[in-house]
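Each chain is listed here by its residues.
There are 2 protein chains.
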Amino acid sequence: MERITIIGLGLIGGSLGLALKAAKLKDIEIVGYDKDPLAASEARRLRVVDKTESALQKAVRDARLVIIATPIVAVRGVMEELAGELRENCVVTDTASTKAIVMEWASELLPATVSFVGGHPMAGKETAGVQNAEAKLFAGKPYCIIPAPDASEGAVRVVTGIVHLIGARPFFIDADEHDRYVAAVSHLPLVVSTALFTLVRSSPAWPELSALASSGFLDVTRLASTDADLSHGICLTNRESVLHWLERMVAELGRYRELLQQGQEEELFKAFARAQLDRDTYVAAGPAVREPAAAGELPTSGEQLAALLVGERLMRRVKDIGKLLEEKKEGGGSQGGEGGSQR
Amino acid sequence: MERITIIGLGLIGGSLGLALKAAKLKDIEIVGYDKDPLAASEARRLRVVDKTESALQKAVRDARLVIIATPIVAVRGVMEELAGELRENCVVTDTASTKAIVMEWASELLPATVSFVGGHPMAGKETAGVQNAEAKLFAGKPYCIIPAPDASEGAVRVVTGIVHLIGARPFFIDADEHDRYVAAVSHLPLVVSTALFTLVRSSPAWPELSALASSGFLDVTRLASTDADLSHGICLTNRESVLHWLERMVAELGRYRELLQQGQEEELFKAFARAQLDRDTYVAAGPAVREPAAAGELPTSGEQLAALLVGERLMRRVKDIGKLLEEKKEGGGSQGGEGGSQR
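Read top to bottom, the protein sequences are chains A and B.
Each residue of the first sequence is one higher than the one before, starting from 1 at the first, in our numbering.
Each residue of the second sequence is one higher than the one before, starting from 1 at the first, in our numbering.
Hints may be right or wrong, so weigh each one.
One copy or two, either will do: identical chains are not told apart, so a pair holds if it fits within one copy or between any two.
What the hints assert, rightly or not - Under the rule of at most 27 Å between Cα atoms (straight-line distance), these lysine-lysine pairs were calculated in the DSSO-like manner: (1) K35 with K125; (2) K35 with K270; (3) K125 with K58; (4) K26 with K136; (5) K270 with K125; (6) K21 with K51.
The hints are simulated quantities; they were obtained by calculation from the structure and are not laboratory data.
Pulled out of the complex, with its shape left as it was, chain A reads as follows (with noise of 0.2 Å):
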């Protein structure tokens, strides 16, 4: 019996034990901690994982894959407590929303006999908390995965073989660019999400204002219900990526305010329809270019993943789970599923 260890027992660490344990890996012992007894005890009741520890060293023991799902903020904590508990070959990965400062703390605390794999599901949704928890909450969604430079091969087979078997996208990624971009499509709405929120909610009008919004006003400003800690320690880890985009943003706004001004009636009415255009077209056909897809490279990642965490005997099993994942992305679509799961 193999040991994965789940760290953090919230939307994205009960999503994953309940994706994990969807995918019936024989021989292997999904267990879970969390800092809090609460949450813990909500996560045995919901069976997101086989057991709970209530002590993270023992929970981490043995472990053959150690996940960290805590808040960004609680990540060194947790590496510098269970650095000297893992075995070796240990693979080691997060879910943490930067990634950057991540890696610096595995460089710094994790010993050199274990791998770290950083990792961030592009996945989530505006309520917390395991009890919303849902095995298919990374269905079709990129999932990131950032090697440590000194990661073993064996290492980074198994992150993405977990990836493969959450249904998840995996998209291979340096760890300065992949805060650059989530900068751009995850921490940027959220912030513009919650400044508008907070800009319509303080005004004397709000009670007007709450009785005439509508679904847009809604979907628009649905990121500023983001988990507070979540949103904080994003812009504590990102900061810098955070306000370029923020500058941007500002710049790009004041370019509508000057059109509006001038009355430059042609050239609002190209931005309004250029973007309807490129956005309906991003909609409808899915990213600009496919990521460098793991297909190629790693074709039998789901194989290699078995292999290396319990042997040969599972392989047949592993591969005829990532078959079956195989067919339903391609049927779905990743748009569709995109668009349909979140609300």
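Based on the hints, put chain B in the right spot on chain A.
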């Protein structure tokens, strides 16, 4: 047989037609007109109206109620064209997103023998056109009603009755207030959403960004897919209010930028936590105050609508439909309807 004429058979006009037809008002025919013969033929195919006319003048002749549901930039021209054709006591309403300018046009162009009652359904979706029309588009949504100073009481009751019939919530408001308020909850989110999408889309890294973007980006940028004619018309006709809120939005983003730059961690956390709490409260509890509902003032608007349109003999039927709609509204809750039906 009394006639209700809908001018402009797009998403809103088409949905109004479907909603009115769903109410199965006896002895009332729903006539449609669109200057685009293709839209008119599509409207016939989808049966969103009972019939269409190929000439505007013929479509409105003898109509008891005329609903102008064209893009706002076309409203003035439509009023000019139909002014000489309206029967005495005709009720004219519209669905445009900006109201002060429409009220001015009506006052200037429509004859004193008819009553104008401005309208604005706070409903929509990013897919325009009659082919996306839905009978339930307005269910549970606010519907602004702005009577002209000289509109008859009966005309106000007709429009209020229509709003009730299609399942929307009447919201009586002054035209200037309306324009300031919707600038905050509808027009500003539109510009912000469009600017955010345009900014990210214009990055040289768009291929990677688009592959990484997930549901959060799609939600916050949803309004960038708004019909460009609509967005453009809104900005041109409600320019001052949009500019006002745009300036405030730039200032609000500047506040977040400062908190980040100055490393004011606690303040930053408070800002996110406050937004999360306030939005969650809003989503769970609905508007801060209920609008001054028509229920008290106009308890029998359904009856009066029927009485006004086709006489007492149809009162019972309309009353029954009104009851059904009320029961549905009470059962479903307005927030659930708002969040659920728009994707």
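Hints and how they fare:
1. K35 with K125: within (22 Å within a copy, 43 Å between copies)
2. K35 with K270: Only across copies: K35 and K270 sit 23 Å apart there, 53 Å inside one copy, limit 27 Å.
3. K125 with K58: neither (31 Å within a copy, 52 Å between copies)
4. K26 with K136: For K26 and K136, only the intra-copy Cα distance (20 Å) is at most 27 Å; the inter-copy one is 48 Å.
5. K270 with K125: between (33 Å within a copy, 21 Å between copies)
6. K21 with K51: Classified as within: same-chain Cα gap 12 Å, cross-chain 57 Å, threshold 27 Å.
Hint 3 from the list above is the single one not met by this structure.
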